[in-house]
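**Student:** What follows is each chain in one-letter form.
There are 2 protein chains.
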Amino acid sequence: MFKKILIIGCGLIGSSILRAIKNKKLSKKIFVLEKSKKNISKIKKIKSNCKFIKTINKEIYDVDLVIISTPMSEYEKIIQKLNNTLKPNALITDVGSTKQNTIKLKNKSLSKKIHWILSHPIAGSEVSGPEYGNKNLFLNKWCVIIKEKKQNLKKLNLLKKFWKKIGSKVVLMNANDHDNIFSITSHLPHLIAYNLIKTAQDSEKVQRKNLIQYSAGGLRDFSRIAASNEVMWRDIFFSNDNIIKGINLFTKNLNTFKKIIQNKNNKKLLSRLSNSKKARRKIVQLKQDIAKPDFGRE
Amino acid sequence: MFKKILIIGCGLIGSSILRAIKNKKLSKKIFVLEKSKKNISKIKKIKSNCKFIKTINKEIYDVDLVIISTPMSEYEKIIQKLNNTLKPNALITDVGSTKQNTIKLKNKSLSKKIHWILSHPIAGSEVSGPEYGNKNLFLNKWCVIIKEKKQNLKKLNLLKKFWKKIGSKVVLMNANDHDNIFSITSHLPHLIAYNLIKTAQDSEKVQRKNLIQYSAGGLRDFSRIAASNEVMWRDIFFSNDNIIKGINLFTKNLNTFKKIIQNKNNKKLLSRLSNSKKARRKIVQLKQDIAKPDFGRE
Chain C
1 MFKKILIIGC
11 GLIGSSILRA
21 IKNKKLSKKI
31 FVLEKSKKNI
41 SKIKKIKSNC
51 KFIKTINKEI
61 YDVDLVIIST
71 PMSEYEKIIQ
81 KLNNTLKPNA
91 LITDVGSTKQ
101 NTIKLKNKSL
111 SKKIHWILSH
121 PIAGSEVSGP
131 EYGNKNLFLN
141 KWCVIIKEKK
151 QNLKKLNLLK
161 KFWKKIGSKV
171 VLMNANDHDN
181 IFSITSHLPH
191 LIAYNLIKTA
201 QDSEKVQRKN
211 LIQYSAGGLR
221 DFSRIAASNE
231 VMWRDIFFSN
241 DNIIKGINLF
251 TKNLNTFKKI
261 IQNKNNKKLL
271 SRLSNSKKAR
281 RKIVQLKQDI
291 AKPDFGRE
Chain Y
299 MFKKILIIGC
309 GLIGSSILRA
319 IKNKKLSKKI
329 FVLEKSKKNI
339 SKIKKIKSNC
349 KFIKTINKEI
359 YDVDLVIIST
369 PMSEYEKIIQ
379 KLNNTLKPNA
389 LITDVGSTKQ
399 NTIKLKNKSL
409 SKKIHWILSH
419 PIAGSEVSGP
429 EYGNKNLFLN
439 KWCVIIKEKK
449 QNLKKLNLLK
459 KFWKKIGSKV
469 VLMNANDHDN
479 IFSITSHLPH
489 LIAYNLIKTA
499 QDSEKVQRKN
509 LIQYSAGGLR
519 DFSRIAASNE
529 VMWRDIFFSN
539 DNIIKGINLF
549 TKNLNTFKKI
559 IQNKNNKKLL
569 SRLSNSKKAR
579 RKIVQLKQDI
589 AKPDFGRE
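From first to last, the protein sequence lines are chains C and Y.
Residue numbers for the first sequence follow the numbering used here, beginning at 1 and rising by one.
Residue numbers for the second sequence follow the numbering used here, beginning at 299 and rising by one.
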């Protein structure tokens, strides 16, 4: 499918792409730019035959596809180097979790001769690092490709084909819709999980009790989500303005919830609690989770 | 261990106790009081040889142990009937999730001739009903027994032994500590999950987008918790005053979080996000969850 692919940043996502490319034989040659020596020795175990490079240099002049899978805060530096190195008409994509910020950056800084079509594969975990990567990470998972005006259709189709080959269900969306939707389905849940763990830690100090040892009743699941990579999530929280809207709506709902409890409003509380089941049924129906009950992972 | 046990309310928890009693042969005779006909036909499949009763009547006069596993809002009616029926010196326990309210109720309404020592097995799921019960539900899970002044030590030891026999790790605690601890490790997480799903549902209406289909990035996990039984959770939210304190602390932390994001305070945000990992490590260390990364349940 490709002669040469360059993966920049080879952690959980980058190394899963590397494994999937190897598995599906999607490229004759793969370059990997990864700064961490520890990671490099882990990536070597994949036996992908990739060539490690230390800097963006003329060796990668004629790659067909560049996949940036670093934290978003590194994009700006990377663009400068790609501008000076890539052949005209090259294709770049990324896997970042927010898109309006990246479009702004791209429009400001990327050479007009190069194409950058943004991707966001909806896959991941609370762990980081190439040792957790998996060739099937993207299998049957959504991959959002960002639709813009004046996009090169040939490149767009190529990118679609690439994600489909490694198992994703591709959906096209504009950056505004993307950032709105994922502020609610992903960014707010992570922020809330981080905030709940902070609240439990604070309570432990106030109560002077080792309460975390009794986490099996619910806190446990939030702690998993709140163990996600802090650099990646800092970049997301700083770059999606919709999160503030999400926090405000959440806070408004929480205040109402509190009043319902304080007023012992039976009817309103029951309707609130049972309404959640509708969302749950939809999530299972849409295969975003399995119906199997969870009694704790053992 | 017992001659006769009565289980009142035989859903997920009650039927798991029934299965465990049968499995460990802890009682010669088991009575089950369950109102739902549907549930009764499901309980029959357990083949526990239990005797179903329709009301609390003189047949259960001399049971050694009564286990109440109904929603807490039914306790008051049940106590009246037990007062009129049980032999002096009988032992009652329950499995409710809040304790100060139950102690008040017990002190007000229970006949002084009868012992009620409160239990709270920390086990469960988002599903309800006897079909989901499991004889190993309590295995290696905490069971809190509430310590009070003037408790009959012989009965207390008997109850401890009972929970240990069915696999629980027993811990003694006073009701105040219990309600404080579980307001943070269980009740607040559930309330927050319900509130997050409500916020996602509201956002879906505002955005007019089918955003729930993209739930795999985090919302999914909250939706599971927020699918829990609404009657049980209504009773919990109405009966633990500490939840309001929890909501207030959560809201205060959320406001600070919002400001940190709005001010793009890099250092504070990174320290907040990485601090969560400490709680996560502790939770795994204390065997409240496994370390295995979660990429979504499939």
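Fair warning: there could be bad hints in the mix.
[Said to hold, decoys possible] Below are the EDC-like pairs computed for lysine to aspartate or glutamate, each with C-alpha atoms no more than 20 Å apart in a straight line:
#: 1; chain 1: Y; residue 1: K562; chain 2: C; residue 2: E230
#: 2; chain 1: Y; residue 1: K575; chain 2: C; residue 2: E74
#: 3; chain 1: Y; residue 1: K565; chain 2: C; residue 2: E74
What the hints contain is simulated information worked out from the structure, not anything from laboratory work.
Here the structure is a predicted model, which means the values were calculated and not measured.
**Student:** Tell me, which hint numbers fail for this structure?
**Tutor:** Hint 2 is the one this structure does not satisfy, whereas the remaining hints hold.
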